[in-house]
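Protein chains: 2
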Amino acid sequence: MSILDICKSAKSASIYMAGLSTAVKNQALSQIAKSLQSNSEKILQANRQDMEQAEKDNLGAALLKRLKFDENKLATVITGIESLIEVADPVGDTLAATELDSGLELYKVSCPLGVVGVIFESRPDALVQISTLCLKSGNSVLLKGGSEADKTNTALADVITEAGKKAGLPDGWLGLLHSREDVAQMLGMDEYIDLLIPRGSNEFVRHIMNNTNIPVLGHADGICHVYIDSDADIDMAAAIALDSKCQYVAVCNAAETLLVDEKTADRFLPKIKAKFDEKNVEILGCEKTRKIIDAKPAAEKDWATEYLDYVIAVKMVGGIDEAISHINTYGSGHTDAIVTAEKQKAAKFMDMVDSADVFWNCSTRFSDGYRYGLGAEVGISTNKIHARGPVGMEGLLTYKWKMIGSGQIVEDYSKGQKQFSHKKLDKKFKI
Amino acid sequence: MSILDICKSAKSASIYMAGLSTAVKNQALSQIAKSLQSNSEKILQANRQDMEQAEKDNLGAALLKRLKFDENKLATVITGIESLIEVADPVGDTLAATELDSGLELYKVSCPLGVVGVIFESRPDALVQISTLCLKSGNSVLLKGGSEADKTNTALADVITEAGKKAGLPDGWLGLLHSREDVAQMLGMDEYIDLLIPRGSNEFVRHIMNNTNIPVLGHADGICHVYIDSDADIDMAAAIALDSKCQYVAVCNAAETLLVDEKTADRFLPKIKAKFDEKNVEILGCEKTRKIIDAKPAAEKDWATEYLDYVIAVKMVGGIDEAISHINTYGSGHTDAIVTAEKQKAAKFMDMVDSADVFWNCSTRFSDGYRYGLGAEVGISTNKIHARGPVGMEGLLTYKWKMIGSGQIVEDYSKGQKQFSHKKLDKKFKI
Numbered sequence: 002m003s004i005l006d007i008c009k010s011a012k013s014a015s016i017y018m019a020g021l022s023t024a025v026k027n028q029a030l031s032q033i034a035k036s037l038q039s040n041s042e043k044i045l046q047a048n049r050q051d052m053e054q055a056e057k058d059n060l061g062a063a064l065l066k067r068l069k070f071d072e073n074k075l076a077t078v079i080t081g082i083e084s085l086i087e088v089a090d091p092v093g094d095t096l097a098a099t100e101l102d103s104g105l106e107l108y109k110v111s112c113p114l115g116v117v118g119v120i121f122e123s124r125p126d127a128l129v130q131i132s133t134l135c136l137k138s139g140n141s142v143l144l145k146g147g148s149e150a151d152k153t154n155t156a157l158a159d160v161i162t163e164a165g166k167k168a169g170l171p172d173g174w175l176g177l178l179h180s181r182e183d184v185a186q187m188l189g190m191d192e193y194i195d196l197l198i199p200r201g202s203n204e205f206v207r208h209i210m211n212n213t214n215i216p217v218l219g220h221a222d223g224i225c226h227v228y229i230d231s232d233a234d235i236d237m238a239a240a241i242a243l244d245s246k247c248q249y250v251a252v253c254n255a256a257e258t259l260l261v262d263e264k265t266a267d268r269f270l271p272k273i274k275a276k277f278d279e280k281n282v283e284i285l286g287c288e289k290t291r292k293i294i295d296a297k298p299a300a301e302k303d304w305a306t307e308y309l310d311y312v313i314a315v316k317m318v319g320g321i322d323e324a325i326s327h328i329n330t331y332g333s334g335h336t337d338a339i340v341t342a343e344k345q346k347a348a349k350f351m352d353m354v355d356s357a358d359v360f361w362n363c364s365t366r367f368s369d370g371y372r373y374g375l376g377a378e379v380g381i382s383t384n385k386i387h388a389r390g391p392v393g394m395e396g397l398l399t400y401k402w403k404m405i406g407s408g409q410i411v412e413d414y415s416k417g418q419k420q421f422s423h424k425k426l427d428k429k430f431k432i
Numbered sequence: 002m003s004i005l006d007i008c009k010s011a012k013s014a015s016i017y018m019a020g021l022s023t024a025v026k027n028q029a030l031s032q033i034a035k036s037l038q039s040n041s042e043k044i045l046q047a048n049r050q051d052m053e054q055a056e057k058d059n060l061g062a063a064l065l066k067r068l069k070f071d072e073n074k075l076a077t078v079i080t081g082i083e084s085l086i087e088v089a090d091p092v093g094d095t096l097a098a099t100e101l102d103s104g105l106e107l108y109k110v111s112c113p114l115g116v117v118g119v120i121f122e123s124r125p126d127a128l129v130q131i132s133t134l135c136l137k138s139g140n141s142v143l144l145k146g147g148s149e150a151d152k153t154n155t156a157l158a159d160v161i162t163e164a165g166k167k168a169g170l171p172d173g174w175l176g177l178l179h180s181r182e183d184v185a186q187m188l189g190m191d192e193y194i195d196l197l198i199p200r201g202s203n204e205f206v207r208h209i210m211n212n213t214n215i216p217v218l219g220h221a222d223g224i225c226h227v228y229i230d231s232d233a234d235i236d237m238a239a240a241i242a243l244d245s246k247c248q249y250v251a252v253c254n255a256a257e258t259l260l261v262d263e264k265t266a267d268r269f270l271p272k273i274k275a276k277f278d279e280k281n282v283e284i285l286g287c288e289k290t291r292k293i294i295d296a297k298p299a300a301e302k303d304w305a306t307e308y309l310d311y312v313i314a315v316k317m318v319g320g321i322d323e324a325i326s327h328i329n330t331y332g333s334g335h336t337d338a339i340v341t342a343e344k345q346k347a348a349k350f351m352d353m354v355d356s357a358d359v360f361w362n363c364s365t366r367f368s369d370g371y372r373y374g375l376g377a378e379v380g381i382s383t384n385k386i387h388a389r390g391p392v393g394m395e396g397l398l399t400y401k402w403k404m405i406g407s408g409q410i411v412e413d414y415s416k417g418q419k420q421f422s423h424k425k426l427d428k429k430f431k432i
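So the sequences go chain by chain: A and B. My numbering numbers the first residue of the first sequence as 2 and each following residue consecutively. My numbering numbers the first residue of the second sequence as 2 and each following residue consecutively.
Please keep in mind that the hints were generated in silico from the structure rather than gathered at the bench. Accuracy of the hints is not assured; some may be wrong.
Heads up, the list lumps identical chains together, so a pair's fine if it works in one copy or across two of them.
Dumping the calculated SDA-like pairs for lysine to any residue here, alpha-carbon to alpha-carbon at most 25 angstroms [said to hold, decoys possible]:
no., residue 1, residue 2
1, Lys344, Asp94
2, Lys349, Asp102
3, Lys419, Gly104
4, Lys416, Ala251
5, Lys349, Ser231
6, Lys344, Thr399
7, Lys424, Gly370
8, Lys66, Thr80
9, Lys344, Asp236
10, Lys109, Ala89
11, Lys429, Ser22
Model, not experiment: these values are computed from the prediction.
Can you build the whole structure from these sequences, using the hints too?
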């Protein structure tokens, strides 16, 4: 099947996916969980082949660990599906209801996006999680995993497709892509694909964003800041700065730049320096910073660099206004925190820092779908359009306006023979 | 000032716009209303110059009517501003609130998009409406009106800018563009502009959509359908079809194609033909239609044509599935209606037709921000991302996540020393 045919087929299927009852979707999820279990040997066998090839190809230990799909991973994804069955159906929620006139009611109702394309890294468990999330939210899904996991992914996709068919899902709701060329073609399929979710390196995500007209949910950079205000509690500030930088350095919500109010620098900088030294964090400081603590000089480019490592850029600022301006100039709109005891400054920071997540007196590392309590995280978005910040299942949804009439025509209202009531209704859409 | 400088200036201003209190925004609106009144002679004089030039240039009567900005129009926009002052501030609404742990609270709060670019037609009143809507929603705005209205628009923009300055708005929050070259440059400013709203012809909107990476709110085509089901009340069906086509033919929510279940065609088609004949509607019918009523033959391209005129394409279908499939193939995702007495068919139609507005037993012409009770209409969107269907002020907003902590760090949760509570809070964000 060509990529075009896979996309067309997913689009056609999406119409039926949108109309599926909760019962059918949950039956399909249950059938998928059962089939994954009963086909475990086939799946694990495919993964052993991928693993052997990856070892032959000398892939790194971290990658091998992510690639491995054993009985534990299988049990985890099956448990995940079982929890997803318990989650309320996100489709068909009434977001607003208005009586336009007697017998003429307007409802804003959540519905699936249609076709979602997801490009993910080597972990084959991601395939199961993403496809079942798309199923529960009534979407068709196009999946492209890491090429080193292709045998595992193919086995998993086959089992899920077969199970779905048994439960009554339409053909083509799940499409698996195999190569980079497939992805390149997919980027041009804006007629058929409603949203792309790329997961991977910054360069990869930026490449996707720059090469498609399809809306993209995601983030390229995570250049997160912690601003230590003159009214900060110094111990709290040091703990938050340390956690934001070091709790897990390789992730998008780790801090890359520390901004320090010059009025607090004398007290704060030596304290954080001692903590950073314990963790072997390399400090790149501005000139003023280097007059107080020992640090390598920071260059202009450091303010716009995501290190994802034990490195931090430190800049002294004249106050909150300079901090806000620095963040809005060099940041990536991801997550930024202020440490201060002064409420008004916190409010100002959170209003004026133009980022998805703005925190007061806590670590940037809290910016995460699980920690937010969103359930499964579809991605973290630095877009302002659609979904922003950590995105749960609502990122796979849109809404439509459903109107129930009883023969009304506009002419009657336009002539003044009838009037609109525009009365807010406290009821759910129901036929 | 170059377009780049205007965009940069709007972006800088947007940071302050986002932090403005409701009181300051309302004072600015009130000052704008006053200044428009006290500068009325200057504005009307500028419009008289535009009108004279337009008459010399032999612009059509419809365009001249739209271009004219007299005392009545001025009074109308001032009344509009006064109502806008009464509207609740849309910024700072708490959309969700969660306690993550004791003393660690997460809020999803509405906020401005940032910089909105609006390209509108000749009506100068649009400039006042759009700029004041952007102000109330805390956005900077870039405006480009029709070139034939340039003197009027410049006068209006000057008065609004001056009044805003007096009330404390930041410099650069309103930028006026003058030429097509300005617009072409603006399309490349995705670093500074968060949303474009083009208003105008289909070709123009499509041109904008195809030539920018900035998200676009709008619609190119409005190919709307009315489907007459076998279970339709024939009189109701005829009234709805007539209103959908003829109540105002030149608009995006007018019907362009009528789909008729073959089981009801014998009864319905002669009835609607008589009504269409009274209004001189030209009928383009499929082969089966032409066996029942007199009509010119419809070609394949007619199913995908927006006539915006007294012309309608009529197709007989085998039932609801063919109707849904036809609409999803040839429609534009705008507004589609079913006429039926059968609830289950209505539900199926509304679930499976992939359009922004799906109606049961009423005219497609109801698809409109005013009729929906949304207040001012920012546009009608056929996107699935951001806002869909008729869009009110919420189209100028996004949200951010605000977290209030008291020194929390992730390490404590990751080590299991603290647990997340994820308790839904019924309170509004407040510092």
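Self-check item: Status of Gly370 relative to Lys424 across identical chains (alpha carbons, at most 25 angstroms)
Solution: between (36 angstroms within a copy, 15 angstroms between copies)
Exercise. Classify it for me, Lys416 with Ala251: is the Cα-Cα distance of at most 25 angstroms met within a copy, between copies, both or neither?
Key: between (65 angstroms within a copy, 18 angstroms between copies)
Quiz item: Is it within, between, both, or neither for Lys429 and Ser22, if the alpha carbons may be no more than 25 angstroms apart?
Solution: Answer is within; shortest intra-copy Cα gap is 17 angstroms, inter-copy 35 angstroms.
Quiz item: Checking Lys349 and Ser231: alpha-carbon separation at most 25 angstroms within a copy, between copies, both or neither?
Solution: Only inside one copy: Lys349 and Ser231 sit 15 angstroms apart there, 60 angstroms across copies, limit 25 angstroms.
Practice problem: At 25 angstroms max between alpha carbons, let me know whether Lys344 reaches Asp94 within a copy, between copies, both or neither. | Solution: The answer is between: 19 angstroms across copies meets 25 angstroms, while 37 angstroms in one copy does not.
Self-check item: Up to 25 angstroms CA-CA - Ala89 versus Lys109, copy category
Solution: both (18 angstroms within a copy, 21 angstroms between copies)
Practice problem: Using 25 angstroms as the alpha carbon limit, work out where Lys349 and Asp102 are close: within a copy, between copies, both or neither. | Solution: between (43 angstroms within a copy, 24 angstroms between copies)
Quiz item: Is it within a copy, between copies, both, or neither that the alpha carbon of Lys419 lies no farther than 25 angstroms from that of Gly104?
Solution: Only inside one copy: Lys419 and Gly104 sit 12 angstroms apart there, 53 angstroms across copies, limit 25 angstroms.
Quiz prompt | Copy assignment of Lys66 with Thr80, given that the CA separation must stay at most 25 angstroms | solution = Only inside one copy: Lys66 and Thr80 sit 20 angstroms apart there, 66 angstroms across copies, limit 25 angstroms.
Quiz prompt | Same-copy or cross-copy closeness of Lys344 to Asp236 [CA-CA at most 25 angstroms] | solution = within (18 angstroms within a copy, 64 angstroms between copies)
Quiz item: Is it within a copy, between copies, both, or neither that the alpha carbon of Lys344 lies no farther than 25 angstroms from that of Thr399?
Solution: The answer is between: 24 angstroms across copies meets 25 angstroms, while 36 angstroms in one copy does not.
Every hint, counting from the list given before, is met by this structure.
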